[in-house]
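Number of protein chains: 2
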Amino acid sequence: MISNRELYPLISVDIALFSVVEETLKVLLVKRAQEPEAKKWALPGGVLKPDRDISLEATARRVLADKVAVELPHLEEVATYSGPDRDPRGWSIAVLFYALLPHDQVNALVRSKVEALSWENALSPENLLAFDHTAQLQAALEILRDKVVSHALPLHLMPEKFTLTALQRTCEAILGGPIDKSVFRRRIRGSHDLIELDEFVRGAQRPAHLYRASEGFKF
Amino acid sequence: MISNRELYPLISVDIALFSVVEETLKVLLVKRAQEPEAKKWALPGGVLKPDRDISLEATARRVLADKVAVELPHLEEVATYSGPDRDPRGWSIAVLFYALLPHDQVNALVRSKVEALSWENALSPENLLAFDHTAQLQAALEILRDKVVSHALPLHLMPEKFTLTALQRTCEAILGGPIDKSVFRRRIRGSHDLIELDEFVRGAQRPAHLYRASEGFKF
Numbered sequence: 014m015i016s017n018r019e020l021y022p023l024i025s026v027d028i029a030l031f032s033v034v035e036e037t038l039k040v041l042l043v044k045r046a047q048e049p050e051a052k053k054w055a056l057p058g059g060v061l062k063p064d065r066d067i068s069l070e071a072t073a074r075r076v077l078a079d080k081v082a083v084e085l086p087h088l089e090e091v092a093t094y095s096g097p098d099r100d101p102r103g104w105s106i107a108v109l110f111y112a113l114l115p116h117d118q119v120n121a122l123v124r125s126k127v128e129a130l131s132w133e134n135a136l137s138p139e140n141l142l143a144f145d146h147t148a149q150l151q152a153a154l155e156i157l158r159d160k161v162v163s164h165a166l167p168l169h170l171m172p173e174k175f176t177l178t179a180l181q182r183t184c185e186a187i188l189g190g191p192i193d194k195s196v197f198r199r200r201i202r203g204s205h206d207l208i209e210l211d212e213f214v215r216g217a218q219r220p221a222h223l224y225r226a227s228e229g230f231k232f
Numbered sequence: 014m015i016s017n018r019e020l021y022p023l024i025s026v027d028i029a030l031f032s033v034v035e036e037t038l039k040v041l042l043v044k045r046a047q048e049p050e051a052k053k054w055a056l057p058g059g060v061l062k063p064d065r066d067i068s069l070e071a072t073a074r075r076v077l078a079d080k081v082a083v084e085l086p087h088l089e090e091v092a093t094y095s096g097p098d099r100d101p102r103g104w105s106i107a108v109l110f111y112a113l114l115p116h117d118q119v120n121a122l123v124r125s126k127v128e129a130l131s132w133e134n135a136l137s138p139e140n141l142l143a144f145d146h147t148a149q150l151q152a153a154l155e156i157l158r159d160k161v162v163s164h165a166l167p168l169h170l171m172p173e174k175f176t177l178t179a180l181q182r183t184c185e186a187i188l189g190g191p192i193d194k195s196v197f198r199r200r201i202r203g204s205h206d207l208i209e210l211d212e213f214v215r216g217a218q219r220p221a222h223l224y225r226a227s228e229g230f231k232f
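Those sequence lines, one after another, are chains A and B. Position in the first sequence (first residue = 1) + 13 = our numbering. Position in the second sequence (first residue = 1) + 13 = our numbering.
Everything labelled a hint here was simulated from the structure, so no lab data went into it. Do not rely on the hints blindly, as some may be mistaken.
[To be verified] Label pairs and their calculated CB-CB ranges: (1) B/D193 - A/I156: 28 to 38 Å; (2) B/E228 - A/I192: 26 to 36 Å; (3) B/V123 - A/D159: 46 to 56 Å.
Note that this is a predicted model, so its numbers are computed, not measured. Just so it is clear, CB atoms sit at the ideal spot from N, CA and C, and this is done for glycine as well.
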């Protein structure tokens, strides 16, 4: 006998929502309320509703609005996870997206069932995530790092105005190690995604220029 | 009233199967036999069979074996296409993969309903592909080019043994323009994916070294 799930797989989305808080790369996790995998930490996710969603990206936006109370301009697909064994409910497909959130929005989101964990903590064996979310988080992290390595600037993580030093610290938090300042400044000079403002902040040394992201910058 | 398709979307895979033949980047297309979109050229594709496939990648392998009679070692996911309007049968999801095929395997595959078109021809307005396959092909092409630009070598496209000149011509066919020879040779020297053989081919000038891909090379 063929069950319904063998004919019609469960279709859902998961979202790896990253932020850099105090120079640490964090990922937002939710504590699962229901079975399966109740009480485990998981990437925010939810089931496709074809009567409401015009695409899987729309599903991801709806899930983020509902579960994490955040509306995001930029979601990017990472990969699809599929098969008969990844969810005890039967054959399932999860499409993984990632998104970047400025750190000043993170604190407002953290509630009893939403927490921002450092990526190392989220991936530690003690915090074993629900379903295949450990593998999903690793894949999202790899894409995020590849982007920064290949010279994209994670401007979605920055506040409206920021110094180049703050941007460098954010890149370093993502890569997990220091970047040479002169190499970083050279990269910045080649970028069309940054606009230098006629504003400064007074630092410990000389005043530092403020920057903002240009409209329609790419990440 | 809610139709079945609104509850259970159609789930399928499409595959952009590339090859470089006579220094031209080509994509394998099949002529659709059935409605919808009958008689249009399309990327090879097919519907998920949860009772047979252990993943969507397995679906893609099965479809390629059935429709194009090819078994491939390496398939990579590009993106997911979804929504209520992309297929006239209702809400649908297509997961796009791409794969690279050595040119010596292409001719055997070309039959009445399978053809290798140059990418420009496949994307020309006269050959308008079925469904959203034009957008899918463009996305796959972009990923393929990004990989070559970021220094991956498209070794899956090469025969077992090849010269560096042949490899450079293949990269150039993908990028659609010339690569400086000294830049290319420098990139080659930094790669762990190539093994220099103690074999040569006699060319118009001096004999040229033959190379093969190392086991487990990455693309």
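Consistency of the hints with the structure:
1. For the hinted restraint 28 to 38 Å between B/D193 and A/I156, the CB-CB distance of approximately 30 Å keeps it satisfied.
2. Between B/E228 and A/I192 the CB atoms are about 33 Å apart, so this pair conforms to the stated range of 26 to 36 Å.
3. Between B/V123 and A/D159 the CB atoms are about 36 Å apart, so this pair departs from the stated range of 46 to 56 Å.
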